[in-house]
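Use the sequences and the hints to build the structure in full.
These are the residues of each chain, in order.
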Amino acid sequence: MNEKFNVLNYEKALDILAEELDLGYPMDDKEKKKAAIYSFIDFCARQ
Amino acid sequence: MNESNPQQLEQYRLKLMRDAGSGNKPERTPNLSFFVTWKITDAGYKFSEALSNYDIMEKVVRYHYEQYQPDMMAEFGTRNPYMLTEALGSSNYVVDDEHAAVGYREIPMATHEQLKEIADNPKKFIWEKGMVAKFSTWNENFTIDDFRRIYAAYCGFGAFAGKMGKIMKEEYGIPSYTAPKAYCYLGVEYLFNHIRSIKGFSVDLRKDPSLFQAAIDSLQEIFYYPSLEALKSAPAGKDMSYCFDYSMDMLAQTVMSNKQFEQYYLPYLEKVINTIADKNMTMRLFIQGNGERFYQYLKDYPKGTIAIHSEHDDLLQVRKNLPNCANIGGLPVFMLGNKSKQACLDRTKLLIDTLGADGGLIISQDKQVSYKNDCKAENYKAVCEFIREYTPSQN
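Chains as they are written, first to last, in our numbering: chain A, -18 to 28; chain B, 3 to 397.
The set of hints was computed from the structure by calculation and includes no laboratory data.
In this text, a Cβ means the ideal position worked out from N, Cα and C, and glycines have one as well.
Keep in mind that a hint or two might mislead.
[Claimed, not checked] Taking CB as the label site, the calculated pair distances span:
1) D3(A) <-> L352(B): 52 to 60 angstroms
2) L(-11)(A) <-> E115(B): 13 to 21 angstroms
3) K13(A) <-> G164(B): 18 to 26 angstroms
4) K351(B) <-> D10(A): 52 to 60 angstroms
5) G164(B) <-> D3(A): 45 to 53 angstroms
Following this line, the structure appears as structure tokens:
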């Protein structure tokens, strides 16, 4: 993916991360992967 | 029961906790440790050492169990994911080794005016603005490698939590508290605890009630509704692998009138408790602040549905008003930290002889035991030994 990563753009950043980030376990479904990444950020936000 | 056999010990403790939590009479009253960061200095470490090193935190947690041997521990060194927030450039935690204290700096994610954005799209708001307000590194310069770095810190924290759960269960016979994700977070609690803080939340409630309602309704989508659906689809009945089937903490109600509580809090809370009751499950409900004015909402649930963990209320009064609920608590940190060993033992005996005589009592603390002065180690050690050895049949 060549699009410039800007973490402050929620939709695009999540889309790029769903392509680029290795969750450490298999996850082929992109929407589920996005949900897992969001869940991680939600955890951070609540700290 | 062979006390040197962790498996047998775990089953014994699970039965104690389940019997008491269901309002029944256990073989003896169980003891739930509600100690968090107090454990660090008690084990001889500085807060800064333990919070930034999982090997040290493991030693801290092991020390707590080996010294006091409670039947259950609410926390295995994971109360403060310090290394994760540090990786994000946070200054939320204020670690003060000199005074043996760790504080938490409240950083609201949003202003009152931004509630509309939360109502429109809470996930987008939290990602694009809430995270910016809380973490200094979350800005336009944040790279994918930065993201990988904080995700690695998150995985490290998760791995530590998993490791500690396994150690406590397999080496010490400490059962698991609840099943993973067996808790619910109401939108109103999310707004209060993480987005607006106490001052902003109080303003929001009065300034624009319809906007407040819209914001909490949207926030329910992040946590509350997925959790409720998971609860609804869980098998009915008590899962004897865990001490409780569900756990919830109540805090936002402390700044709400009963009318506001009935409008913004109760309808969502009731959906959870009704589901728990329908499924013949048992939940721990931690009511922070004064709980007395909320008893009216809990009095009609069947026995065995709710085990109330009280922060401020006298457990004898809770039992009198809510005989349908089991009780958790009874040993306030004020007593453990300031009274004599004999006074703590007298209090423990009184609790077991009265509330524990017919069951429905889990002895614990009124709040998370955090600071060195919250508790004298000799008081807690004496209390733990007493609970293990004393049974109502000796009355």
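Hints the structure fails to honour = 5
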